[in-house]
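K.L.:
Here is how the chains run, residue by residue.
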Amino acid sequence: MKVKFTNAWISFLRLPLPLDIYKEVSLTSNLEHTPVLYDCTPCSDFLTRSYDIGGVVSVMSLSSLFILMTKHGLEYPDFYDKLYALLVPSVFMAKHRAKFFELLDSCLKSPLLPAYLAAAFTKRLSRLSLVVPPSGAMVIIALIHNLLRRHPSINCLVHRVNETSNNNSEAERDSVDNDDGSGTSRRLGVDHFDNEESNPVKSNALRSSLWEVDNLRHHYCPHVSRFVESLETDLTVRAKTTEMNIKDFSSGSYATIFAAEIRRRVKQVPLGFYKMTPTTLFSESDFGGWTFKCEEEASKQGDESSSPSKRQRTE
Amino acid sequence: MAKTQNKAHKNGSQKKKGNKSKRNGPTAVAMKQKAPAADNPFETIWSRRKFDILGRKRKGEERRVGLSRSKAIDKRKSTLLKDYERSTKSSMFVDNRIGENNDELGEFDKAVMRSQREHKMKLGKRSKYNLSDGEEDDFGTSALGSFGERDDFEDEVPFDDEDDYGEQNGGKKKSGILRHLNAPNVGEDGTTEAEENIHKSKKEVMQEIILKSKHFKAEKAKEKEENEKLMEELDKKFTSLEQSKVLSPLIEPGKSALKAAVNKIIPKDEDKNNKLLTAKKPEIPSQEQPDYYDKLFSEMVFDIRARPSDRTKTPEEIAQDERERLEQLEEERQKRMVAAEDSSDEDNGDTEMASNQKRQSASGDDLGDSFSVEEPGTRKGWVDEILEREEAEEDDASEAETGEDDEGSEEESDEDARDKAQSLKDWEQSDDENLDTDLEEDDDDDDDDEKIDDGKKVTEPIGVKRSKKSAVTKPAEVNDETQNAKKNKTTSERRSVQLDIPFLIEAPKSMEELCALIDNRSNSDILVVVNRIRASNAIKLAAENRKKMQIFYGVLLQYFAVLANKKPLNFELLNLLVKPLMEMSLEIPYFSAICARQRILKTRSQFCESIKSQEGSCWPSLKTLSLLRLWSMIFPCSDFRHVVMTPAILLMCEYLMRCPISSGRDIAVGSFLCSMVLSITRDSRKFCPEAIIFLRTLLMAASQRLPDSHQESQFHPIRELKELRPLLNIRDDVPEISPASFLSVMDMPEDSSLFASDNFRASVLITVIENLKGFVEMYGGLSSFPETFLPISTLLLGLAEQGNMPPGLQEKSKEVALLIKQKADDHHLLRQPLQIRKQKPVPIKLLTPKFEENYVKGRDYDPDRERVERKKLKKELRQEAKGAARELRKDNYFLLDVKARERALREEEKMEAHGKAKAFLQEQESAFKSGQLGKGRKRRR
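Protein chains in written order, with the working numbering: chain A, 74 to 388; chain B, 86 to 1026.
Any given hint might turn out to be false.
[To be verified] Computed cross-link-like contacts, EDC-like style, restricted to lysine to aspartate or glutamate with a CA-CA straight-line distance of at most 16 Å:
id, chain 1, residue 1, chain 2, residue 2
1, B, K162, B, E987
2, B, K906, B, E872
3, A, K348, B, E668
4, A, K155, A, D178
5, B, K156, B, E128
6, B, K925, A, D118
7, B, K925, A, D287
8, A, K340, B, E987
9, B, K858, B, E900
10, B, K167, B, E147
11, B, K160, B, D982
The set of hints was computed from the structure by calculation and includes no laboratory data.
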């Protein structure tokens, strides 16, 4: 019976499926069928195919692929390259992001990963933190925290102590005077990381530094800017630190952060201070490029501005 | 030491026993058998050094080598020797008889105890056939520990001691001795001694403390006495000086000069006041007086003293005064209303003037700043009204000319009324829900119950009156219609009615009440009404006014929101309302924060619903925008975390991130939201990725060139560039760019032709670039500035190169691109790799030599504590090892000694046996030789 079901399922999967069915199938397959199937290996064809498609479908197929790899010994070359390519901003707004982040964390769990790979993932994530909503930034910080803890070798991304640093700061001082040491210090400031490179080997991440994390300290959301401080503890000392649980952050969204903020008790209410109480709602000095004229004038202007365009169009 | 003490004690006790035993016959016999060995003379010798040698350790100086040696030997005898003897035996005999294990008991004592025990057993037997079964043994094992309890010596009459001891307390003494001999009792003695030591030390400490305090007290008293003495001396000296009158010329002028200096300032102020208050003040002919002092003096004679009533008024009193003034004005107005309506205008003016005068003639200390706002307001109101009346007349004239316009305006006002009703309902609903959330929150926040209660009360009446209100608004609508029909004719009449704004106004409790007050009034009148409500219900006047004001604040905020949504927009009134709202929230900050939070929560849930339903645009309305702006003005934006501003900015960023862009209006609103975010984050320089991403998306949409696929993938799927592109692409040349007018944009419907015009696009782009510039300047210090902004600069440059861009726009974009480039270069030059790990500061190495006071030669002055510790442990270990080796060696010697003695003993025995045998043989031989066999032998036996 089981064999029959497996055969039927596999033959169905071999058919060229349209994209929406693809999504449906890959969503259900990881939930129900993988444990039921008699032999999982034929399924891997389908999964690898869907993983290669990229975007949402590959995110969904990732979980079942992960099961295959860990429990059934599937060899998948370029797995990490594909995973690396999946890290785009849209993932942080996608529906199944919670699952994806957990899987990403468990995929990167092995301490045997080469340092360049871990560094590339770290740098890619930190670069993404510049464009994602606060909840995404929280997940990214947690992921980076775990990566830094698992791979002491990539801690140079956040803390680089080289003998040249002292010399360089001196050289920099010199360069202010006579512009000689500018070459050396320029080499330090430039980010060598290539974000558009799809191969993590070539991304040059180890020569870079996580300036983006420093940026997040000034994030408007207090949760994020507080959370960044967790990266400041020395994560190479494994005994004193613990891994972050990605599950705590992976399902975050604007709603969760907003709710947490609203749920806070109102203890004190500081008020703005003005030498002169402002009398207008919108002052033009604050809003460059906008005018706030009174209704009649504005409408008159609007009429004037719209009428010629109308005329132009009719012409 | 303790051991030796014990030993000494034991010796002592033995000696005592010896003394006693001399008196006690049988004991003496027993003791003699066990008499201690004579003292070894070597044990009494102390090894003492004769001379102190400098720099040599003096540890362990006083020892009795002989004693310790003999002690060690004794110990070995009791342990090692026993073991040695036992080593060849397979079992051993354990003697558990009573007192056998107790060394301190003499033979006699043991015998006494045993017999006693036996006696007791006999007595205790219930029947004579009851044999003892092993009890004796039990007793024997536990005899040592529980001996004291079981001992009933004291009760029994001692057998035969009376004759020796005499009758007085013989038995007790005996038992005392026995107890003294018992080992546990000795131990007890020891403990009591230790306790005594502790007590002593405590006592000493207390005594020390007492002594110290006494010492301090004595010193204090001494000081006091000294001070007093000094004072007395000073006094004496001073009196003598006074008597000599050396100082007298110095003192008095000085005093007067001082006085003059002090009073100079005060009288001048008072002068002015007095001049204003009373014109009676006499002029002083000052030119005749030559002396300045005299002049001052004479002036002061005529001065009126400052009255105590002239003190600075408290805020409460000022509020009270204000209310009284308003009451008075109201009274006058009522009177005038009864008398004649016509002259009200002038009368009012008169009273106004009078009040002004009155205010001026108030005390000089009155700063009069708290309500200076109001006065110009009222005055302006009257002036404005006159102006408006003129305008109305003009309107009349113009409307008479154009009938069509008239109709249009009617329709408009109709819509207006309907809109208003709708929006009212809207707010009511929202407030209704606010009530629920408030209730929930009430459960959460127990500590701040009162204030939230207030919030509830605000919303309650509104919620209750909802049904009523809908009924009310419909007639109002009808009313409005009819009124509008008649409007033109009746304007002038109604104006004259409206002129009368009551001076004392109860704070309105609901929206209708406020509307009833404010409806059909001019902007300035509304401001006057609001200010009067605030003045007549000032919180400082009465405690219950706080509640009223809170309700009024809620209503006013609602009115503000409704006003912002109204079409056509009364923007001037919005602006005018800002100030009272801000000032009121200064008075009730907590309540205003709660209001704001509830509204933000409500707005967000509405936004979520609209995003789900995907109908219409989910971008914020003018109402939301102006409320957000109002809050950003009331509350500080630069706080790390603020109860209102943090949710507000989260909401704004969510708008920017999640709202789909479907029309030109959306773009305009979004870019305006960006500039609002900019103005909020400007002070704190907080990083807000959403706004930058939004601006970047807009720029991408504006550029004609297709960005490479990778860049596109950087953005979210909800923003599809293809859809965006037609909205911002400038197709034709735009001759000049007018700045975008926010209000007109907000006013337009979504499908207005305005949004399709290139002119609009250009102006929106201008705002986008302006915003970008602001962000660039603000984020210039952030460490990942180049990564954030360099793609944007390439976009800007691409935009500038496009063909049909207006020149102004090109310039602007180039300028901003250049700015970005400069800053990025700076970063590339100066940026250092991160070093965010916390590190302990390393102290600077000091080069000053370290000197040790009271240096002792052999002592270890190692600054490294751990090393010292390790050294100490090592040393201890070495010493222990040495000691152990020594002990083992001595054990060996001891054993060898024992073995040698044994061997010697055996040898001796052997020799003796040998000698005997030899002697026997020799004897036999000699007998044999001498021929007398057996004879000698017999004789010998």
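K.L.:
Tell me, which hint numbers fail for this structure?
P.N.:
Going through the list in order, the structure violates hints 6, 7, 8 and 10 and respects the others.
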